[in-house]
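Undergrad: These are the residues of each chain, in order.
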Amino acid sequence: MQSSGSPSRHSVTGSERIGPYTLLRLERGGLDPGAPGQFFMLEAPGRLLPRPFSLCLAPAGELAFLVDPIGPGTEALCALEPGEEIRVLGPLGHGYRLDVERPLLVGGGIGIAPLPYLAERLGGSPPVVLGFRSEEHAEAAALLPGAEVVIDPTLVTELIEPGFDVLACGPEPMLQAVAALCPSAQLAWEAPMACGYGACYGCVVEIDGALKRLCLEGPVLDAARVRAHAEVAA
Amino acid sequence: MRILNASGCLDALAAPEVARQLDAFVTKTVTPLPREGNAPPRIAETAHGMLNAIGLANPGRERFLAEHLPRLRELGIPLWVSVGGFSADDYAETCAALEGIEAVELNLSCPNVDEAADSAAEIVSACRRATALPLYAKLSAAHPDVAEVARAVAAAGADGLSLINTLRATALDRNLRPVLARGSGGLSGPALKPVALNAVSVCHEATGLPIVGMGGIETGRDALEFAACGACDVALGTVLFADPGAASRVRSELAVACAEAGVAKPDDGRSLSKSPETEEKVPA
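If you read the sequences in order, they're chains A and B.
Numbering of the first sequence is given in numbering that gives the first Met the number 0, commencing with residue 0 and proceeding in unit increments.
Numbering of the second sequence is given in numbering that gives the first Met the number 0, commencing with residue 0 and proceeding in unit increments.
Hints in this document: simulated from the structure, not taken from any laboratory.
Be a bit skeptical, because a hint or two may be false.
If you want the ones that stay clear, here's a sample from chain A, every Cβ over 12 Å from chain B, calculated [to be verified]: (1) Glu42; (2) Ala57; (3) Gly70; (4) Leu103.
To give an idea of the chain B side of the interface with chain A (calculated C-beta under 10 Å), a few residues [to be verified]: (5) Ala13; (6) Arg41; (7) Asp242.
From the three backbone atoms N, C-alpha and C, an ideal C-beta is built for every residue, glycine too.
Between the sequences and the hints, there should be enough to build the whole structure, so can you do that?
TA: If you want it as structure tokens, here you go:
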């Protein structure tokens, strides 16, 4: 985990719309892309606090993040143009364990963000199932060629077959449903976070029966460790 | 001028490289019994600030002394322990158990728990009897006359003041419901700076005690302004969240800010803030 020193400045190399989301590409500089599921704190231009994002893709010399414009901070990130700079801190936290035999990647909505980099690092084109709330949101499935896709009211959990090592990321109800189906799943959670390195105590989640900081314990946790979780604010 | 962290805004064990940039590390407030803290959501960003309602989450006095304090000592940084409680005895018992630290900060003003039943002066007085360590009283600027509280804690034996704590505040979401589960929280960040500068100024005039100034400091220039109002030292809070390197940065910016203001050291800024010429430059 990197938490020393100041965040480093990185220029925007590209910004593409994918359905309602924006894939923000940054020049990588000296940053390590880290393990899939780890996260970075990205400066939100004009805002006081940075925002946490897991890495979506790690093209040569770049880091790419999938951003859902749900509030003033994420909207400012989506509005960035090539050449503009933001401060970045990371990688932070704990990502997915990659020592799995039969991986199945499960994503819901903006929760598909860490899966392209996860699929790349696992190698061998692991099966992927994705759920979205609309056709427009489902355009983001293009980031994971070959994925099976369902749209609301069909639930992505209906596509999970037994016998797989599930690695999932998505909204809390989806993660709770995945945990019920696959107690051994690895789940990436989300929480409001001011710092990303254990200083603010804001991102607590009930982990192992007590409120613990998600930035230090997770964001990827074994399904059995989490019982309840806070709603994520914009 | 020393640069500290504001209590509760850094975990030195989780981020020792950040703590080592400080001249002293101030712990999260320690209470007699363990506290899990408030239910999430606990934080919210606001215009030029943020709210938190952590609720004094801490391992409790016994575990702090047995497990956390020895590990903190290994970091080799001067330590200040922030002490909290719900009665003067609570505070005094923790103070009596502390040794081998640089100072005690008495948290007399957390906005996220029910207030202690005893007055600030009673608490300071009880702690004064319990320890010979330097006692800094952390006060709230929400009091109608913070200078009066400052005089009372000075008379009760406080060696210094920490100013200011967060101010109780509320933020609503798009559905007009409070963002924080607790409903209200403490406002911190740049929005607080003018309030903090005033509190430092009036408490400095009222007591002459050493003051650790805090509230919205983001730059070396901000730190110099606190010195100009009477602070000896400063503490960084919210800025650490966005910039874990803020202490080193503020320290080097402070030297530049002093040069730009034409003062040799931050303390010299105090006379400057009092000069009529400076006052005339303030727009009406």
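Undergrad: Indicate, hint by hint, whether the structure satisfies it.
TA: Verification of the supplied hints:
A Cβ of chain B approaches the Cβ of Glu42(A) within 12 Å, the least distance being about 7 Å, so the stated non-interface status is violated. Listed as outside the interface, Ala57(A) is consistent with that label: its C-beta sits roughly 23 Å from the nearest C-beta of chain B, beyond the 12 Å cut-off. Not every Cβ of chain B is farther than 12 Å from the Cβ of Gly70(A); the closest lies at roughly 9 Å, contradicting the non-interface assignment. Here Leu103(A) stays apart from chain B, with its beta-carbon at least about 29 Å from theirs, past the 12 Å limit.
At its closest, the beta carbon of Ala13(B) sits 3 Å from a beta carbon of chain A; the interface hint therefore holds under the 10 Å criterion. The beta carbon of Arg41(B) is positioned within 10 Å of a beta carbon in chain A (closest approach about 5 Å), and the interface hint is therefore held. The interface hint given for Asp242(B) holds, since its Cβ lies 6 Å from the closest Cβ of chain A, which is under the 10 Å cut-off.
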